[in-house]
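Engineer: Sequence:
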Amino acid sequence: MPASNIPEIDPEEILHGVLEWVAIESPSHNTAAINRMVDHVEAELRRTGLVLERSPGRDGFGDILKARTPWGGDGPGILVLSHIDTVHDIGTIDGVLKVRREGDRVYGPGIYDMKAGAYIAQYALRHIVRSGRETPLPITFLYIPEEEVGSPTSRAVIEAEAMKNKYVLVTEPARDGGKVVTARKGVARFVVRTRGRPAHAGARHQDGRSAIREMARQILRIEEMTDYERGITTNVGLVSGGTMTNVVPAECMAEVDMRVPDAPTGEEMCQRMLGLESTDPDVALEITGGMNRPPYVKTEGIARLFEHARALAAEIGFELQDCPTTGGGSDGNFTAALGIPTLDGLGADGHGAHTHDEYIYFSSLRERTALMIRLFETLS
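Okay, so the sequence shown: first residue is 53 according to our numbering, each after it adds one.
There may be inaccurate statements among the hints.
[Unchecked claim] Distance condition first, Cα-Cα at most 27 angstroms in a straight line; then the derived BS3-like pairs of lysine-lysine: (1) LYS218 - LYS118; (2) LYS231 - LYS218; (3) LYS231 - LYS350; (4) LYS216 - LYS350; (5) LYS118 - LYS216; (6) LYS218 - LYS350.
These aren't lab readings, by the way, just hints derived from the structure by calculation.
Full structure from sequences and hints, please.
Structural biologist: Okay, structure coming up:
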């Protein structure tokens with residue numbers, strides 16, 4: 053069943069809907085912007101006939117939106133997991149990343165990560181509803197407002213919904229030429245603080261104890277924990293400290309990102325991080341944090357789900373592959389860690405996530421939508 057034999061799928065119609073989503077900029081920390089996006093998605097899902105539940109956001113984040121098909125009752129089904137926040141600030145669409153179409157590429161903030169994928173899933177269900185059919189399993193859509201910053205307020209909701217379902221489909225963008233994701237590294241986050249003693253940098257330098265100097269030593273220790281052969285990376289991504297150039301700095305703070313391939317390695321590396329000690333007895337060292345997203349390991353259940361998707365792709369007329377373990381985390385980490393078969397990277401193919409050169413391939417919209425439709429129609 054080649055994609056060209058599915059006339060109901062109009063990629064231009066899909067792109068029109070995707071660009072409506074992209075036009076509503078929705079950075080993670082802008083509650084009003086996120087809720088404008090939620091308003092738009094909610095209205096579309098209501099027109100499709102889904103049962104809606106909107107939960108107010110917490111801790112300065114936007115609302116969480118859940119939508120469920122009216123058939124299937126409360127039985128276990130398919131959870132479609134999407135996020136509607138992006139890393140791009142308001143105004144990006146009018147500045148460094150204008151919406152434009154250049155050949156097969158369509159550019160825009162958040163179009164690849166992950167508004168195209170989130171829209172594709174919704175369109176796929178609408179396609180089925182338009183034809184007057186129902187899916188074998190009930191389908192629940194969950195839209196997360198703060199995935200890009202670790203889903204701090206929605207993780208419990210994600211896990212609770214996942215436990216009610218047989219499968220999880222994640223609409224994160226495709227990888228490396230259309231590959232889906234069947235494994236991701238776990239993500240740990242840490243905050244490192246050093247506290248020394250201030251002093252005049254000229255007159256009383258010897259009395260001071262530099263928090264920045266101690267932090268520099270700790271940064272080298274942390275960065276040296278990277279072990280590519282074992283699949284471990286550490287990155288000190290943010291550092292701040294000091295008050296003036298003529299003051300020995302009393303405080304310094306750094307934020308650390310760590311990626312690990314599996315749970316035992318995560319436990320080992322967290323112990324190493326939290327066990328670091330100051331090299332200067334006069335400078336205090338404090339480290340807080342731990343695993344933010346558990347590793348997403350390719351289990352037998354995930355492998356079977358992927359093989360099912362691959363067979364469907366072959367029927368449609370394209371080859372579907374999965375990529376080796378990726379370092380990027382997603383909300384799929386939470387669901388896979390619960391033992392629920394999770395297939396990730398089902399969104400559009402493209403490039404440039406989190407950059408000012410972000411785009412999707414228009415040609416991928418038909419295939420990815422057809423695959424989502426067939427997954428909805430065949431999972432049971």
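Engineer: All hints, please: hold or fail.
Structural biologist: These are the hints, each one checked on the structure:
no.	hint	verdict
1	LYS218 - LYS118	17 angstroms, holds
2	LYS231 - LYS218	23 angstroms, holds
3	LYS231 - LYS350	15 angstroms, holds
4	LYS216 - LYS350	20 angstroms, holds
5	LYS118 - LYS216	13 angstroms, holds
6	LYS218 - LYS350	16 angstroms, holds
In summary, the structure agrees with every hint in the numbered list given earlier.
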